[in-house]
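Colleague: Here the protein sequences line up with chains R and S, keeping their order.
To convert, take the position in the first sequence, counting from 1, and add 1; that gives the numbering used here.
To convert, take the position in the second sequence, counting from 1, and add 3; that gives the numbering used here.
It should be emphasised that the hints constitute simulated quantities derived from the structure, not laboratory data.
Take the hints with a grain of salt, since some may be wrong.
With a straight-line cut-off of 20 Å between C-alpha atoms, the simulated EDC-like cross-links for lysine to aspartate or glutamate are [as the list claims (entries may be wrong)]: (1) R/K135 / R/E102; (2) R/K84 / S/E164; (3) S/K160 / R/D79; (4) S/K59 / S/D203; (5) S/K160 / R/E57; (6) R/K113 / R/D79; (7) S/K160 / R/E168; (8) R/K84 / R/E136; (9) R/K206 / R/E236; (10) R/K117 / R/E136; (11) S/K62 / S/D225; (12) R/K84 / R/E191; (13) R/K113 / R/D134; (14) R/K110 / S/D225; (15) S/K59 / S/D225.
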Amino acid sequence: MNSDVVVSLQDLHKSFGTNHVLRGIDVEITRGEVVCIIGPSGSGKSTLLRCVNMLETPSSGTITVLGRELTDIDCDIDEARSKIGMVFQSFNLFPHMTAIENVCVAQRKVLKRNAKEATTAAQSMLARVGLQDKENSYPAQLSGGQQQRVAIARALAMNPDVMLFDEATSALDPELVGDVLAVMQSLAQEGMTMLVVTHEMGFAKNVADRVVFMDNGVIVEQGPPEQVIGAPREERTRSFLSSVLNH
Amino acid sequence: MALSKRKKAMYVRYAMYVVSIALLIAVILFIDWERLGNAMFRWDIVKEQFPDILTKAAKNTVVFTVLGFAGGLSFGLLFALMRLSSIRAYRWFAATYIEVFRGIPLLVTLLILGFGIPIATGWKWPNPYLQGAIPLSLVASAYMAETIRAGIEAVPKGQMEAARSLGMSYSRAMITIIIPQALRIIVPPLTNEFVLLIKDTSLISVLGVTAATKDLARFGRDGVNQTANATPLIVAGLVYLAMTLPLTQLVAWMERKTKAMSR
Chain R
2 MNSDVVVSLQ DLHKSFGTNH VLRGIDVEIT RGEVVCIIGP SGSGKSTLLR CVNMLETPSS
62 GTITVLGREL TDIDCDIDEA RSKIGMVFQS FNLFPHMTAI ENVCVAQRKV LKRNAKEATT
122 AAQSMLARVG LQDKENSYPA QLSGGQQQRV AIARALAMNP DVMLFDEATS ALDPELVGDV
182 LAVMQSLAQE GMTMLVVTHE MGFAKNVADR VVFMDNGVIV EQGPPEQVIG APREERTRSF
242 LSSVLNH
Chain S
4 MALSKRKKAM YVRYAMYVVS IALLIAVILF IDWERLGNAM FRWDIVKEQF PDILTKAAKN
64 TVVFTVLGFA GGLSFGLLFA LMRLSSIRAY RWFAATYIEV FRGIPLLVTL LILGFGIPIA
124 TGWKWPNPYL QGAIPLSLVA SAYMAETIRA GIEAVPKGQM EAARSLGMSY SRAMITIIIP
184 QALRIIVPPL TNEFVLLIKD TSLISVLGVT AATKDLARFG RDGVNQTANA TPLIVAGLVY
244 LAMTLPLTQL VAWMERKTKA MSR
């Protein structure tokens, strides 16, 4: 296997009861690649993303991240997750902690960094997302866009090898989307490996190295954005794109 | 012309006030206040109750309550976590325990554990405080387990997912992320449990008491026997109120505060 492969999914299936959400997914993501997953709601794209760090346990198939097979029962899933950053649609900041405590807590408890190291790293991550002056604010005192940027800083502070974004801007007011997308874009430019589930076609078009279109639990087509978004081959891709681009 | 709806409602409201005030006046006029005062509130007997009612009886009530609460909280947390466990045997055990202890009156539980177990096994309770406080805490833990479980379940699922996605283990996430948030939700209902416990300690005296382990209610009853007057019970009741009222007010204040915060 190519050592530059960061995430590899093989014949992944996931069912919730009788609902077959993922029906055989094969994907490889190489280091530094930015992959956007697009598709109609219910197509399984969020489930796919949540399988990559095993928030959902697949029904069958294998997940390999950084050479570790997460689906192997002997794999230390907590250790593996600490190298996989995740950003959620609903931010999920810890409301009883300030911004900087949010960024520090996993560094301290998981990476066992001391208070000084963790604080220094947290400060530089908050500065990176443009929130150095919000260190001591609680999540409730921040706007949605600021909360999401703290959440990105929290994930980055773990020095992850890959970042997962699960509709990171879908819960935001339109005027706050830009700040978050700008942070994501700069991350991509710095060479972070990213797997992004998104409805932002502009972001997919401008930032992604590869766009994956999913529908009904399978990958319908994938390729560079100018191909998948600019000149889709499949009828399902075309009808999806016309429905999202014309509203 | 028939009265309009709003006018009618207004007259009904006036009538209610008139009836209430008339009833109050009737009660004040027809009660034999002197007799009532002699039977239930004689100052000389009130004074006799002090200081023992505070230094001994109220102290014992507080000791039973605190022991019962501490035990109830620890076991309650344990059973709440078992109810939420992925291990089915734990869930069943905790659910059975909770249903059994919530379904049996405290008085019966006290008698079974306080008397029944020693008779059946020959084992003796090493300490009269524990004999009362342990059955009390076992019952309290059943109620608190449900309160704590509800509090933990009220923390959004995304919190656990975010903690796990950062590499925290389940127990680490529980301790650092979930339980601190659940605590805020469950402090008001737990304070109510505490008030209930204060009052429930009055049942412990059925297990028999020594002069040293008398609680407030028993102290009041014994006072009635000695003085042939109800005053000691009234005083005991007032001492209970002095303990419970500040706590219920505290709960009301906390609930107003959380309401204001979530607005």
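Colleague: Each hint needs a verdict: does it hold in this structure or not?
Modeller: So, going through the hints one by one against the coordinates:
1. Between the alpha carbons of R/K135 and R/E102 the distance comes to roughly 11 Å, so the proposed pair stays at or under 20 Å and holds.
2. For the hint linking R/K84 to S/E164, the alpha-carbon distance of about 15 Å falls within 20 Å, and the restraint holds.
3. Note on S/K160 and R/D79: the hinted pairing holds, with a Cα-Cα distance of about 18 Å set against a maximum of 20 Å.
4. Among the hinted pairs, S/K59 with S/D203 is consistent with the structure: their alpha-carbon atoms are about 18 Å apart, no more than 20 Å.
5. Only pairs whose Cα atoms come within 20 Å are accepted, and S/K160 paired with R/E57 is accepted, the gap being roughly 13 Å.
6. Taking the CA atoms of R/K113 and R/D79, the gap is about 14 Å. The hint holds against a cut of 20 Å.
7. This hinted pair checks out: S/K160 and R/E168 have alpha carbons roughly 17 Å apart, not beyond 20 Å.
8. The suggested pairing of R/K84 with R/E136 is violated, with an alpha-carbon distance near 24 Å, which exceeds 20 Å.
9. Distance hint between R/K206 and R/E236 is fulfilled; the C-alpha atoms sit about 19 Å from each other, no more than 20 Å.
10. For the proposed pair R/K117 and R/E136, the alpha carbon gap of about 15 Å is at most 20 Å, so the pair holds.
11. Under the criterion of a C-alpha separation no larger than 20 Å, the hint pairing S/K62 with S/D225 is consistent with the structure, at around 17 Å.
12. A C-alpha spacing of about 17 Å is found between R/K84 and R/E191, which places the hinted pair at or below 20 Å, so the restraint holds.
13. Between R/K113 and R/D134 the CA atoms are separated by roughly 26 Å; this puts the pair beyond 20 Å, and the hint is violated.
14. A hinted pair counts as satisfied when its Cα atoms are at most 20 Å apart, and R/K110 with S/D225 does not qualify at roughly 57 Å.
15. A C-alpha spacing of about 13 Å is found between S/K59 and S/D225, which places the hinted pair at or below 20 Å, so the restraint holds.
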